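J.: Given next are the chains, with one letter for each unit.
Protein chains: 2
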Amino acid sequence: MEGSVVVPPGKVTIAEKFALFDEYWSPKIIGEINDSYVEAVKVKGEFVWHRHELEDEMFLVVRGSLRMQFRDREIQLGEGEFIIVPRGIEHRPVADEEAHILLFEPKTTLNTGNVRNERTREQLERL
Amino acid sequence: MEGSVVVPPGKVTIAEKFALFDEYWSPKIIGEINDSYVEAVKVKGEFVWHRHELEDEMFLVVRGSLRMQFRDREIQLGEGEFIIVPRGIEHRPVADEEAHILLFEPKTTLNTGNVRNERTREQLERL
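Chains as they are written, first to last, in the UniProt record's numbering: chain G, 1 to 127; chain U, 1 to 127.
Derived from the structure by calculation, the hints contain no laboratory data.
Here the structure is a predicted model, which means the values were calculated and not measured.
Watch out, some of these pointers could steer you wrong.
One copy or any two copies: either way a pair holds, since identical chains are not told apart in the list.
With a straight-line cut-off of 20 Å between C-alpha atoms, the simulated SDA-like cross-links for lysine to any residue are [claimed, not checked]:
#1 Lys17 <-> Arg73
#2 Lys17 <-> Leu124
#3 Lys107 <-> Arg71
#4 Lys11 <-> Gly64
#5 Lys107 <-> Ser65
#6 Lys42 <-> Asp96
#7 Lys11 <-> Phe70
#8 Lys11 <-> Arg121
#9 Lys17 <-> Val62
#10 Lys42 <-> Phe21
#11 Lys107 <-> Arg73
#12 Lys17 <-> Glu98
#13 Lys107 <-> Gln123
Working from the sequences, and respecting the hints, build out all of it.
T.: See below:
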């Protein structure tokens, strides 16, 4: 890489990104790494049951708590906990109170997976 | 995926993983997502200057602080902050005190990149 133009990377302060928006269930891109995005999403209430055929998806709780529902069980997550939902597995995130989640997923991931409805975000905003 | 065996995913409590080891600069695999690993690493002191030709690498500070050095600058990171080091860019992480870092990087990534020395870990332990 000698001789190429170096673009010095900056840091991201996660809390500052979450302070920039209020909308629920609308992930914002806050980082790009290899073929994946790092996304910030505020959640409250129930999302839609869905699955991603090709993509594993990671949910890291940075504030509040999250209930990740599967068809046969539910996993409760608190701050500093994460879950990786493997491709092909139906899931539904639910938050009784507002929670702040960091998502890691391939750029190809549609937030509602195999479902399209009013919660679907075809294009994610970058913060 | 109907008919396939469903392996229900479990959650990971990050602090519990960090409590399982003491060694510095030796990343432990705590998650697997698509072609990448999520790794926990304790750091203290200076690492080695290196670059990864093919892999972007993300450092998320979960405890303490980290100084990410580049050849022309240094970026200070505190808890709840992350930096994505693009492929090809020389960097050296430095921590004045013990810090706990979550790493996201492709499974192909060698921790010392283009360098091999006593800090190189060819095989990462899974926790």
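J.: Each hint should be assessed against the structure and marked as holding or not.
T.: Right, here's what the structure says about each hint:
no.: 1; hint: Lys17 <-> Arg73; result: neither (32 Å within a copy, 24 Å between copies)
no.: 2; hint: Lys17 <-> Leu124; result: within (14 Å within a copy, 32 Å between copies)
no.: 3; hint: Lys107 <-> Arg71; result: neither (26 Å within a copy, 30 Å between copies)
no.: 4; hint: Lys11 <-> Gly64; result: between (24 Å within a copy, 15 Å between copies)
no.: 5; hint: Lys107 <-> Ser65; result: neither (25 Å within a copy, 29 Å between copies)
no.: 6; hint: Lys42 <-> Asp96; result: within (12 Å within a copy, 34 Å between copies)
no.: 7; hint: Lys11 <-> Phe70; result: between (35 Å within a copy, 13 Å between copies)
no.: 8; hint: Lys11 <-> Arg121; result: neither (26 Å within a copy, 26 Å between copies)
no.: 9; hint: Lys17 <-> Val62; result: both (12 Å within a copy, 17 Å between copies)
no.: 10; hint: Lys42 <-> Phe21; result: within (9 Å within a copy, 33 Å between copies)
no.: 11; hint: Lys107 <-> Arg73; result: neither (28 Å within a copy, 30 Å between copies)
no.: 12; hint: Lys17 <-> Glu98; result: within (16 Å within a copy, 26 Å between copies)
no.: 13; hint: Lys107 <-> Gln123; result: within (11 Å within a copy, 28 Å between copies)
Hint violations for this structure: numbers 1, 3, 5, 8 and 11, all remaining hints satisfied.
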